[in-house]
Amino acid sequence: MAPDARATPLDSAAHGHAAALAHHFDSYEQQKESATLGMWTFLVTEILFFGGLFAAYGLYRSLYPEVFRAASHTLSIQLGTFNTVVLIASSLTMALAVRGGQTGKGKLSALFLVLTLILGSTFLVVKGFEYHEKFVEHHVPGATFHFEGPDAVHAQLFFSLYFLMTGLHALHMVVGIVLVAYVAKRAAGGAYTPENHNFLEGTGLYWHFVDLVWIFLFPLLYLIGRH
Amino acid sequence: MPAHVRPVKDYIAVFLALMAFTALTVYASFVDLGPASTFVALGIAAAKATLVILYFMHVKGSTRLVPVVILSGLFFLFILFLFLAADYGTRGWLGVPGR
Chain A
1 MAPDARATPL
11 DSAAHGHAAA
21 LAHHFDSYEQ
31 QKESATLGMW
41 TFLVTEILFF
51 GGLFAAYGLY
61 RSLYPEVFRA
71 ASHTLSIQLG
81 TFNTVVLIAS
91 SLTMALAVRG
101 GQTGKGKLSA
111 LFLVLTLILG
121 STFLVVKGFE
131 YHEKFVEHHV
141 PGATFHFEGP
151 DAVHAQLFFS
161 LYFLMTGLHA
171 LHMVVGIVLV
181 AYVAKRAAGG
191 AYTPENHNFL
201 EGTGLYWHFV
211 DLVWIFLFPL
221 LYLIGRH
Chain D
228 MPAHVRPVKD
238 YIAVFLALMA
248 FTALTVYASF
258 VDLGPASTFV
268 ALGIAAAKAT
278 LVILYFMHVK
288 GSTRLVPVVI
298 LSGLFFLFIL
308 FLFLAADYGT
318 RGWLGVPGR
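Line by line, the protein sequences give chains A and D.
Everything in the first sequence is counted per my numbering, starting at 1 for the first residue and increasing by one.
Everything in the second sequence is counted per my numbering, starting at 228 for the first residue and increasing by one.
Take the hints with a grain of salt, since some may be wrong.
As the list claims (entries may be wrong) - Chain A regions said to be covered by chain D (calculated; three or more residues, Cβ under 8 Å):
# : region
1 : 24–37
2 : 55–65
3 : 79–93
The set of hints was computed from the structure by calculation and includes no laboratory data.
None of these values were measured; they are calculated from a predicted model.
We put the beta carbon where it would ideally sit given N, CA and C, even for glycine.
Just chain D, with the same shape it has in the complex (with noise of 0.2 Å):
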């Protein structure tokens, strides 16, 4: 027998969990929250995820290698999102010669 199987309740628990976060979700979009409406979606979803990484996918009970691989992905995630909004954010702060 390996030495870290979970209960079942355990799956249940994290399920019913996930459900109420969906619950949750598209009754704030139905919320007038003005521009924080988005990032308490996507909280919402962050949670939800965590939730599926750590218990479903094992990554809590795991060795300590499997977070470092999922955060540096995340980081090069991070990355990719905030160069993207530099280059757009910025964009016409100094004018362009020629045009």
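Next comes chain A alone, as it looks inside the complex (with noise of 0.2 Å):
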């Protein structure tokens, strides 16, 4: 089949945006499919990255439980838990933001797109105002670590670990947003076809991707125990 031949008349869109179907794909079906695929594959590798530290948690959770327990208390349980419906609603907004794009309306989806860059944005603000207590309260660990407890210096294992996670998982989010300001600004130019929104999808997994984290996180580390 001749490229002509199956170009559509979004290929030759006055937007000036890349063709709709790459010509290295032979339908919209088998280019969805690689973008997914390939999607994942990162996402799989981004969950034996954040399956290391998860690992080094269970362990150190397992050796000293009562440290652990001690220390996740002084974490907001009121704070965490808004996070989670936060996040979790951002990744709503996000999936309707993607189901606009499948529905061909760019404009419903901007829309979407700005609400999860608001929760994505009201999240990084809470988590921090949490950094910032843990600081004034010396909870962070170093030299000025200080931990009312029998063994703080296990304490310190539970807040390295705390940092090193939900700091990751910031990271993640602070990316996310960056991808999902460019993604609204495209979307909102019609850049998103039913047939090739593959971009806002993947976007889409990524975040998702991130919410799935937390969905992780929050129960180990501001749950133990709290009876």
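Once you've looked at the hints, go ahead and assemble the two chains, each given alone in its own frame, into the complex.
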């Protein structure tokens, strides 16, 4: 099949965007499948990236269960729960933004992406206040670390893991926010069509993945035996 | 129009289920379940993750290769956890000469 034979009106859209169907794909389905698989392959590497930290957490929590529990109780369960709700809500708005791409409603998609941005930024601001509190209370591992408890040395392990895990997660949020802002601009400009909204879909997959990590971080860090 | 566009009410339903699970996991942490509490918390998190993966991430309705890729990743994660546990779990079983 000659490239011209499968060209759609979208390929010559006045926006000057790249062709909706890249020349090395035979069909939109094949193009979408490749994009989805590629994104998931990346996300699998991310699962193992975070997996190392989860493994370290599991190991040290099993070795020092009591101090992990005591240290966990210094975290604000209200702020943690609030942020969980905010992040899951941002996943909903992201899913609806991708749906806007599927149905060719670029403006609606952009609106939901802006909502996602606002919710994601809210999460980071709350996280910032939580970090600030940790610095004030000297719960940041290092020379000035201070913890009221029988096993302060190993309490540092909990807080090291807390900062590493939530910090790496927050770094992913920052990357996600930049991506969502870019995609929102493109969506508003009509770049995504029902045939090809693969970049939007991939950004959605990334955003949901970051939500997934938090779904596990929240009970492991904030909810250790609160009774 | 692509073949698979999920209705908005499905997304709302998944969101409400995720909210319910969040409330449940916070509630469960205040109940004394003994050693089971960690597994309850992880079980609820796994249920939430499954909902996000299947519906928000469109794995339900995708081609079969996508879940195969995901499960292969989870399998290697399992190996990571298993070998770490096998290492630390069996340390001290045998004496080390010279120590």
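Okay, the hints, checked on the actual structure:
| no. | hint | in the structure |
| --- | --- | --- |
| 1 | 24–37 | holds (count 3) |
| 2 | 55–65 | holds (count 5) |
| 3 | 79–93 | holds (count 7) |
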